[in-house]
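Peer 1: Given two chains presented individually in distinct reference frames, assemble the corresponding complex, making use of the accompanying hints.
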Amino acid sequence: AQSVTQLDSQVPVFEEAPVELRCNYSSSVSVYLFWYVQYPNQGLQLLLKYLSGSTLVKGINGFEAEFNKSQTSFHLRKPSVHISDTAEYFCAVSDPNNNDMRFGAGTRLTVKP
Amino acid sequence: ETGVTQSPTHLIKTRGQQVTLRCSSQSGHNTVSWYQQALGQGPQFIFQYYREEENGRGNFPPRFSGLQFPNYSSELNVNALELDDSALYLCASSSPATYSGANVLTFGAGSRLTVL
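Going line by line, the protein sequences match chains A and B. Take 1 as the starting number for the first sequence in the numbering used here and just add one per residue. Take 1 as the starting number for the second sequence in the numbering used here and just add one per residue.
Next up, chain B with everything else stripped away, as it sits in the complex (with noise of 0.2 Å):
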């Protein structure tokens, strides 16, 4: 089976830009959730996707924006990009069909991002 791959593997951005990840869940598995990993800090949840809406959200501002696809492929956007917002950006999937805390996430390898 495939696992969790993620694009592109880094990119750099300028302030107030904006930047769009993506993210194919392994086979099978139709929940996606994001994490944020700034340098030396553990992942920080942004917000989970199931059944192409939004199924929870951490801490970010709106300016944080997903999107899942029928097929359960996911889209980080982020808008309006901030200094701050330089991080290693990282994509899970899961399943069954509804979260319930005791399902293991399959991570991908990541997209850095460094905002200049």
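If we strip away everything but chain A, and leave its shape as in the complex, we get (with noise of 0.2 Å):
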């Protein structure tokens, strides 16, 4: 089955500073890969995915990720972060052939002024 590791549980950066938070995957068959975000008191809202073709996905608020199949990662990134963007944020996979969504612990970015 697949599985997801998120590698930092906690990023705290200043505001208007780039920010990476890391995804790593581990399956034996093709995937496809997701990032959610949890802002307080909500459920979780998709940010990107990926499916097949270009391994740069781009999603809302200026996030963007990269999937690189031979490190099975695949990271998100923004430019430059905002105060709004303080939240939970989940990697998830899931396997073309089940219903099973998997997803990681979570990285809980917080921006500070």
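Quick caveat, the hints were computed from the structure, so don't treat them as lab data. Glycine is no exception: its CB is placed at the ideal position from the N, C-alpha and C atoms. One thing to keep in mind: the hints can contain errors.
Computed list of chain A residues with no C-beta within reach of chain B, every gap over 10 Å [unchecked claim]: (1) Asp8; (2) Val13; (3) Phe14; (4) Ser26; (5) Tyr36; (6) Gly53; (7) Asn61; (8) Lys69; (9) Pro79; (10) Asp85; (11) Met101; (12) Pro113.
Stretch-level coverage of chain A by chain B, calculated; a stretch enters the list once three of its residues show a Cβ under 8 Å from a Cβ in chain B [said to hold, decoys possible]: (13) 38-50; (14) 102-109.
Peer 2: If you want it as structure tokens, here you go:
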């Protein structure tokens, strides 16, 4: 079965600084990859997804992620963060052959003024 | 279009009791998945319903059960509650008719269950 590891549980950054949230996955088959964001007291909202094609995926709110098959990674990046980006970010992987989407433990991004 | 709505938003139960959580899927979505999110952790897949039948299940005991209704809304039932069942329970809907792993999940805000 597929699995996801988010390498950093917390990432503090200053406003307008760049940020990278790291995600590695393991799977014996081709997978689909996702990043979701969760604001306090809310459900998860899709930031971006990789299904196939270009390995650089652009999402909402200025975020992008790059799929690296050789390193089994799908790191999330933003060149300049805002206070409003403070939230929990989850990387997720799904197998096209089953109905089970696996989430990482999450990375808490805190943007400081 | 309306999103995914869940009820209740918060509830408190005691060990051994039973609980029912409800979910209305987003308009046009016919598949509902349930997740458990313990404090400080990522969501864990409980099960998925499609056409009123269970269509995949994670590593949860049988006391976690569900239903899907003809209007695609769904219920999650948990019997014999344990302290470790305290968590945020998330419902997510998706389409099209068959889940291929590529469909985006639309999540509700969740039901926060506290078991004392």
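Peer 1: What hints, given by number in increasing order, does this structure fail?
Peer 2: 5 and 11
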